[in-house]
Amino acid sequence: MAKQFLIKKTMADLRNLCACEIAELQDGTYLGVQLLGYYQAGDTPGPIVYSLSETTGSDDGGSVVATGSIKLEHKFTGPLDVRYFGAQVAANINAVFDKAKLVTNHLVIDDQYSFTTALVINKSDFKLELTSRCVLQKTSLANGNGIEVANATTGVVIVGQGTIFGNMNSTRVGYAIAIGDVASNGRVEGIRMDGWTGGILLNYKNRRWTFTLNSFYNMIYVPTVNAGGYGIVFQESYETLTTENYFDETVERHHIYYAINTGLSAKGGENHVLSNNVFRMQNKTEYSTGFEYSVKIMAAKNVTCTGNVLEGGVGGFWITSFSPNDGTDTLVIDCDTINITGNTIRGLRKGNAGYGAAIGSHGPFTKTRNLDIITNTISDCECGRADIDLGRVINCNIANNVIDAKEGTSFGIYSDIVMQNVNIADNIISNHLRGIYLLKNSMNQELPCKNIKISNNQITSVNFCIFQQNGNFESNFDIQGNSLETSLGAPIYIFKNTKDLKINDNIIKNKSTSSNITLGAEQLADSYIYDNVFIDKREIAINNQGSGLVLYPININNIACRLADVPTTSSRSWLIGDKVIAINPVNSDWVRITNGTSNVKGTDWIMERPKAETSIYGSVKESSAVPNSILSAATDLNSVIALANDLKTILNAKLQADRNSGQQAS
Numbered sequence: 001m002a003k004q005f006l007i008k009k010t011m012a013d014l015r016n017l018c019a020c021e022i023a024e025l026q027d028g029t030y031l032g033v034q035l036l037g038y039y040q041a042g043d044t045p046g047p048i049v050y051s052l053s054e055t056t057g058s059d060d061g062g063s064v065v066a067t068g069s070i071k072l073e074h075k076f077t078g079p080l081d082v083r084y085f086g087a088q089v090a091a092n093i094n095a096v097f098d099k100a101k102l103v104t105n106h107l108v109i110d111d112q113y114s115f116t117t118a119l120v121i122n123k124s125d126f127k128l129e130l131t132s133r134c135v136l137q138k139t140s141l142a143n144g145n146g147i148e149v150a151n152a153t154t155g156v157v158i159v160g161q162g163t164i165f166g167n168m169n170s171t172r173v174g175y176a177i178a179i180g181d182v183a184s185n186g187r188v189e190g191i192r193m194d195g196w197t198g199g200i201l202l203n204y205k206n207r208r209w210t211f212t213l214n215s216f217y218n219m220i221y222v223p224t225v226n227a228g229g230y231g232i233v234f235q236e237s238y239e240t241l242t243t244e245n246y247f248d249e250t251v252e253r254h255h256i257y258y259a260i261n262t263g264l265s266a267k268g269g270e271n272h273v274l275s276n277n278v279f280r281m282q283n284k285t286e287y288s289t290g291f292e293y294s295v296k297i298m299a300a301k302n303v304t305c306t307g308n309v310l311e312g313g314v315g316g317f318w319i320t321s322f323s324p325n326d327g328t329d330t331l332v333i334d335c336d337t338i339n340i341t342g343n344t345i346r347g348l349r350k351g352n353a354g355y356g357a358a359i360g361s362h363g364p365f366t367k368t369r370n371l372d373i374i375t376n377t378i379s380d381c382e383c384g385r386a387d388i389d390l391g392r393v394i395n396c397n398i399a400n401n402v403i404d405a406k407e408g409t410s411f412g413i414y415s416d417i418v419m420q421n422v423n424i425a426d427n428i429i430s431n432h433l434r435g436i437y438l439l440k441n442s443m444n445q446e447l448p449c450k451n452i453k454i455s456n457n458q459i460t461s462v463n464f465c466i467f468q469q470n471g472n473f474e475s476n477f478d479i480q481g482n483s484l485e486t487s488l489g490a491p492i493y494i495f496k497n498t499k500d501l502k503i504n505d506n507i508i509k510n511k512s513t514s515s516n517i518t519l520g521a522e523q524l525a526d527s528y529i530y531d532n533v534f535i536d537k538r539e540i541a542i543n544n545q546g547s548g549l550v551l552y553p554i555n556i557n558n559i560a561c562r563l564a565d566v567p568t569t570s571s572r573s574w575l576i577g578d579k580v581i582a583i584n585p586v587n588s589d590w591v592r593i594t595n596g597t598s599n600v601k602g603t604d605w606i607m608e609r610p611k612a613e614t615s616i617y618g619s620v621k622e623s624s625a626v627p628n629s630i631l632s633a634a635t636d637l638n639s640v641i642a643l644a645n646d647l648k649t650i651l652n653a654k655l656q657a658d659r660n661s662g663q664q665a666s
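Numbering (the working numbering), first residue to last: 1 to 666.
Everything labelled a hint here was simulated from the structure, so no lab data went into it.
Incorrect hints may have been included.
Pairs of lysine-lysine residues, derived as DSS-like cross-links and limited to a Cα-Cα distance of at most 30 Å, are as follows [to be verified]: (1) K284 <-> K406; (2) K71 <-> K123; (3) K99 <-> K71; (4) K205 <-> K127; (5) K127 <-> K75; (6) K511 <-> K496; (7) K9 <-> K71; (8) K499 <-> K450.
Computed spacing ranges between beta-carbons, pair by pair [claimed, not checked]: (9) E249 <-> K75: 44 to 54 Å; (10) L52 <-> T131: 30 to 40 Å; (11) T285 <-> A91: 40 to 50 Å; (12) D181 <-> C20: 52 to 62 Å.
Beta carbons: idealized from backbone N, C-alpha and C, even for Gly.
Please work from the sequences and hints to get the whole structure.
In structure tokens:
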């Protein structure tokens, strides 16, 4: 007769083998015991076989079972379902989890269970799988976290489609998943987290973690400790990827928070990628803090945010420095190399907050270096101040964004402190009070503003297109190639002293009673204003209220100056028909135009310069004067030859002058 397995229905039966059954196992009559279930037959994923064992391990209720004088053992390989260790639906799973994790590196939870204290993963290369049927419900407020990954572990993976429910209120702080110090190379995927003060916490110096396809709901802010209401918090973490997650509007504060662990260091993290996530925030009339931005980036370096959708709340991205004493000491840690590209931000409402922003880099001591804001779409926002709100920025590129406000009372792009090396180019800005508004508060003079270029932007349906106010912009302020349209205010208004100001090649459509270009009373430096096209403007073209002079380019061969606009003596404003030909240019490149009276001509205003079909300059410039031939009419063969050579010389000179001016291709 072939050897068979002894069959038992439950674990209780297995633990109560009679003496004869034990003897038959020992003499080989049976190969082992087949167990059909734990509490009843069929309540485990399938039957398993226990064999006689010499193990010194104690009875753990799953892999080793003591019965009579012997021990039986089942060596689990591959995924281990907690039901094999006696997990019961709706019952507490803490003890089962602690025993089962010791015999496997792949634990599966496939049903609904409760737990009172955190489920701790304290071994490396461990995989916890929460299936779609899995619901873990925290029933106690003690030890607030749900799942804890121990310090210094590596390779921990938490995956599946399960749910981790919390039991938080407004007095306790707890995270669905808390990752201990220095734990690295992990992944959390497909998990729903609901009812905590935070979804995931990376506590300190965690590296190479990936978070994908997770969802976050009902993350509660705890006002007594000013904490909570977070999706994922990264405290001095490195090399993380957060992609394709969903953050619900019931996350009360920040969906993503790149932060500092102030108890362990004063350093931000580095090398984060945040991509293709969906962030939704509630629009409220009364916010808890007034800083409910979806993504907060504090003192971090090398952060890339791309392809995300952010909707609702006070603001989208908030970039800020860190100082333990609010900037009153020398310890201020700034953000560096932040790339915000290809995101969609819509429907923001500031509520009771002082102001919000789709993208903000501001604060009383905040400074951001190497900031790129590129190809984002911002729409239907009521931010109160600006859609893109910059504080101190050094090396900033704002390009190819579409910025369309809702109410027309805020600014498109705004900075109120210090800007250096800033390029604002190829943006489409509409429906704002001011399109681009740059100023420097007198309280913040520690760095000069310089090297600002505003080019090729399309700004419409605003009161002022480009507005500069307060403070001194030290050098290199270029406004070039923009298409500007206003109905109430000046398209370009330079309020205060700006050095090396160049305004050229802009197309300005002005339907207001203001001038096209206004230089304020405190514009003391000379300005370069040329080759602008004014459309639908029949009043003041350029209004120079300051003592600085306007400089205009002379033609290429330095013989005569091009037509240049000069103000009427009485108004000191450039009016239609005001022109001057300067006889003595001050150098080889520019002619100095004063507020004076010489050479005022009454010719018509040139509304738009004709375009050449092919031009090295893009628009036609006046060519140099070429003298007529002084030879008399030919009377014989020799005079015919002389006249032909003279006309050839004159024609070549004329052609070369036209090439120099752009009227012909070279």
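Status of each hint after checking the structure:
A C-alpha spacing of about 17 Å is found between K284 and K406, which places the hinted pair at or below 30 Å, so the restraint holds. For the hint pairing K71 with K123, the CA-to-CA distance comes to about 26 Å; that is within 30 Å, so the pair holds. Taken as a hint, the K99 and K71 pair is honoured in the structure, with Cα atoms around 17 Å apart against an allowance of 30 Å. A C-alpha spacing of about 21 Å is found between K205 and K127, which places the hinted pair at or below 30 Å, so the restraint holds.
In summary, the hint linking K127 to K75 is supported, as the alpha carbons are separated by about 18 Å, within the 30 Å threshold. At roughly 24 Å between alpha-carbon atoms, K511 and K496 fall within 30 Å of each other, so this suggested pair holds. Only pairs whose Cα atoms come within 30 Å are accepted, and K9 paired with K71 is accepted, the gap being roughly 18 Å. Distance check on the hinted pair: K499 and K450 sit about 9 Å apart at the alpha-carbon level, within 30 Å; holds.
Against the hinted window of 44 to 54 Å, the Cβ-Cβ separation of E249 and K75 comes to about 48 Å, which satisfies the hint. Our hint of 30 to 40 Å for L52 and T131 holds, since their Cβ atoms are close to 33 Å apart. Between T285 and A91 the C-beta distance comes to about 44 Å, which sits within the given range of 40 to 50 Å. The hint said 52 to 62 Å for the Cβ distance between D181 and C20, and at roughly 56 Å that hint holds.
Every hint, counting from the list given before, is met by this structure.
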